[in-house]
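A.B. asks: Below are the chains, spelled out letter by letter.
Number of protein chains: 2
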Amino acid sequence: MKLGAVEAGGTKFLCAVGSDPSNPEQIRRVDTSTNPLETIAEVIAYFERYGPVSAVGLASFGPVDYCSGSITSTPKIPWQNFPIRAALERGLHIPVAFETDVAAAAFGEQVAGAAQGCQDFVYVTVGTGIGGGIISGGHFVRGKMHPEMGHLLVRRHPEEPASFKGVCPFHGDCLEGMASGPAMRERWNAAAETLPEDHLAWTLEAFYLAQACVDLAVVLSPRLILLGGGVSAQAHLHDRVRREAARMVGGYLELPEIAAPALPYPGLSGALALAREALR
Amino acid sequence: MKLGAVEAGGTKFLCAVGSDPSNPEQIRRVDTSTNPLETIAEVIAYFERYGPVSAVGLASFGPVDYCSGSITSTPKIPWQNFPIRAALERGLHIPVAFETDVAAAAFGEQVAGAAQGCQDFVYVTVGTGIGGGIISGGHFVRGKMHPEMGHLLVRRHPEEPASFKGVCPFHGDCLEGMASGPAMRERWNAAAETLPEDHLAWTLEAFYLAQACVDLAVVLSPRLILLGGGVSAQAHLHDRVRREAARMVGGYLELPEIAAPALPYPGLSGALALAREALR
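Keeping their order, the protein sequence lines are chains C and B.
Take the first sequence: its position 61, counted from the start at 1, is 129 in my numbering, and no numbers get skipped.
Take the second sequence: its position 194, counted from the start at 1, is 262 in my numbering, and no numbers get skipped.
Among the hints, erroneous ones may be present.
No copy is singled out in the list; a pair is fine if it fits within one copy or between any two copies.
EDC-like mimics (lysine to aspartate or glutamate), calculated; alpha carbons at most 16 Å apart, straight line [as the list claims (entries may be wrong)]:
id, residue 1, residue 2
1, Lys144, Glu106
2, Lys212, Glu322
3, Lys144, Asp99
4, Lys80, Glu325
5, Lys212, Glu325
6, Lys80, Asp133
7, Lys70, Glu345
For the record, the hints were derived by calculation from the structure and aren't laboratory data.
Generate the whole structure from the sequences, applying the supplied hints.
C.D. replies: Okay, structure coming up:
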């Protein structure tokens, strides 16, 4: 049975089809238009070409409202409160399963990646923003809205340049304000991937991500934290975060495993798995 | 049908019977002996006197191991790894439901207190230590062990005396190190309840508890945070925490309601409710 997957982002949408969540096929990019209906029309055209599919999993950038199936307070004004789930359902006439991009990515890693068999873990992505999906006792943690763990309040590193206030427009120096890709770029005037391994940047980055890991560990007691996304693609970073988190937790509790995600497209894999669930 | 409840603490055990979780009856105290078998014998004698009961809910101080039904790494050496659940089962020959004291208290507030009808909330208790129970999507959050949110890493208040390093033996100035009853006593040389409302102590206390509320909000997206325990019995404190948390979150998201628990004995009420569940 062929399933569909859409990963909706603020810059681009990725579409895929497939029957196995571990293998999204025919991955194509659709630019996120300022006119949502235009983007949706391109997504529907994709499924007309590469389908038919029996259901679609939609992994959306957030914040989202699960009731209405829409993106809520994005700075991309035309997308504010746009009922993206309903728009796809109306165009495709098949079930559309709706999740945040990060929750879908967590599910993808659980079904086909680094969290297989794990019922208690967190998927964190560090890129333009910092976000995460949580599975606890086998269930997504949603609550009133959904996790927004990029805005954890963190302590500043003692060697942090005092002039650097952090890039979060709401909090300045929250986790995202200090450790996202744009934070690194603004602080060091260079893209993270161009900074050498022994640069102070990585000491600071590991310090902030380790705080997030400790805070997640003491709140959720997960077995595993997956650190993914652009910034954390640095192979040396996971080791530093592990060491730093161990230092911070001071032997009080056994930290969860801290590892990298395993899938090339965890969001698309999760979306395929969600589409499969929608048919059960 | 009569049910039993035990709230096991490091200083005292409270025992109760009742048929309605909102009303634990015949509440009696048993001192926590250095010989666990002695304490258990007194608890069993209590139920022989005030029973018979059909099941018991056991709300235990932690950290606990759910598999073995024991308290694990307590500084009270004779209680380390003592199989408290099995000891009660063997003595009473009835089902014993086992939870942490804070998770039981959360459940009590959900069944009969301030969180009725709420499926996504956190119960935090601030006293000798700081701990909490989490219900997310109607399920207890447990994970590998259980939440240990007293050890969230917090930022120091700018007016915090530099000489005060915090009282947590593992982390110094984590949440519990800065905001527990012993932290207030050590910092101000006075018990929290003797400090006037306009004392700097309460500004600092609200600052640390607000950070915990924001961190819990961005990780769990709860609808409600109940702040209970000795220190937070100060009527003025909840308002200050609300204001401080709103300032910290900077309008980024709608904070959960922050309120006081409603029950006089949330742990015993939760234990009665757990006993009832055990019979279903």
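A.B. asks: Run every hint past the structure and note whether it holds.
C.D. replies: We went through each hint and held it up to the structure:
In the homo-oligomer, the alpha carbons of Lys144 and Glu106 lie at most 16 Å apart inside one protomer (15 Å), although the nearest pairing across protomers, at 66 Å, exceeds that limit. Taking identical chains as interchangeable, the C-alpha atoms of Lys212 and Glu322 lie at most 16 Å apart only when they sit on different chains, with a minimum of 9 Å there against 30 Å within one chain. For the homomeric pair Lys144 and Asp99, the shortest alpha-carbon distance inside one copy (14 Å) is at most 16 Å, but the shortest distance between copies (61 Å) is not. When the C-alpha separation of Lys80 and Glu325 is checked against a cutoff of 16 Å, the pair qualifies neither within a copy, at 32 Å, nor between copies, at 36 Å.
Proximity of Lys212 to Glu325 under the C-alpha cut-off of 16 Å is restricted to the inter-copy arrangement: shortest distance 11 Å between copies versus 28 Å within a copy. For a Cα distance limit of 16 Å, the shortest separation of Lys80 from Asp133 qualifies neither inside one copy, at 20 Å, nor across copies, at 46 Å. In this assembly of identical chains, Lys70 and Glu345 lie within 16 Å of each other by CA distance solely inside one copy; the values are 13 Å within and 43 Å between copies.
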